[in-house]
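Let the sequences and hints guide you as you build the complete structure.
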Amino acid sequence: MTSVDIDPELVDLARERLAANGHTPTLAAVDGHTGYPPGAPYDRIIATCAVPAIPASWLDQAAPGAVILTDVHGPLGGTLVRLTVDDHGTATGRFVPHWAGFMTLRHDVEPSQPRWPVLELPATQSWTTIDPLTLNTHGLFGFIVQWQLPEVTHGRMTDDDGQPAVFLLARDGSRAEVATTPTARGYPVRQYGPQRLWDRVEHAASFWNEQGRPSYERFGLTATTHDQYVWYDQPDGPHRWSLPLDRPAE
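In short: position in the sequence shown from 1, add 777, done, that's my numbering.
Derived from the structure by calculation, the hints contain no laboratory data.
Only true hints are included.
Between beta-carbon pairs, the in silico distance windows are:
(1) N986 with R1017: 15 to 23 Å
(2) G989 with P785: 48 to 56 Å
(3) R883 with H980: 27 to 35 Å
(4) G866 with D936: 42 to 50 Å
(5) P815 with L898: 48 to 56 Å
(6) E987 with P785: 44 to 52 Å
(7) D837 with M934: 36 to 44 Å
(8) T779 with H865: 22 to 30 Å
(9) D789 with D938: 49 to 57 Å
Ideal placement from N, C-alpha and C gives every residue a C-beta, glycine not left out.
Rendered as structure tokens:
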């Protein structure tokens, strides 16, 4: 049994309390992202933290037949996934049927908030029937949209008309602003930049509705050290969404 945490004080406290009860597992104060090579290979990896994709080190340190349980989560949604590692180091499995989650994995040096460009670009105006607040209030819908927009951040704002709105922002400066108060035509949408981010939200909603609003367990994840993707129903099916592999903090 091996357990790691980034906080040395928590590790020392855990070691003291476990020893008082007659338990002496291996405990280490390290970045969980790197795993713990001295104890590998592992038959079970249980991570009570959220990651945007499975760290390559976890796959490298997993024995054939190992099970990995963790929260794969992005800014818009996610939940726990249970993966089994095959003889070639590929981990595949499904998300659990109900939402569950943990705090984001912490590192030695906390990454700063993304400083992505906010470009002054001409906007295209449209309207949507989707309440933008459902990205926050409907966990399953946020989960569906997350795989369409894996590298997009979002939040609340006040738009140029002084109205409350939800924004989506991509690394290349593309953004969408959607007012939270509907008009007779729907919720006003402004989109800027090379990507039409809200169109991707609409596409995710259409897919979800066309499939009968499937829940979490209809989706799964396949992970190798060089490629990871979320899939619907079957790993080799037509509906797959690539996950970005880890990047250094910006």
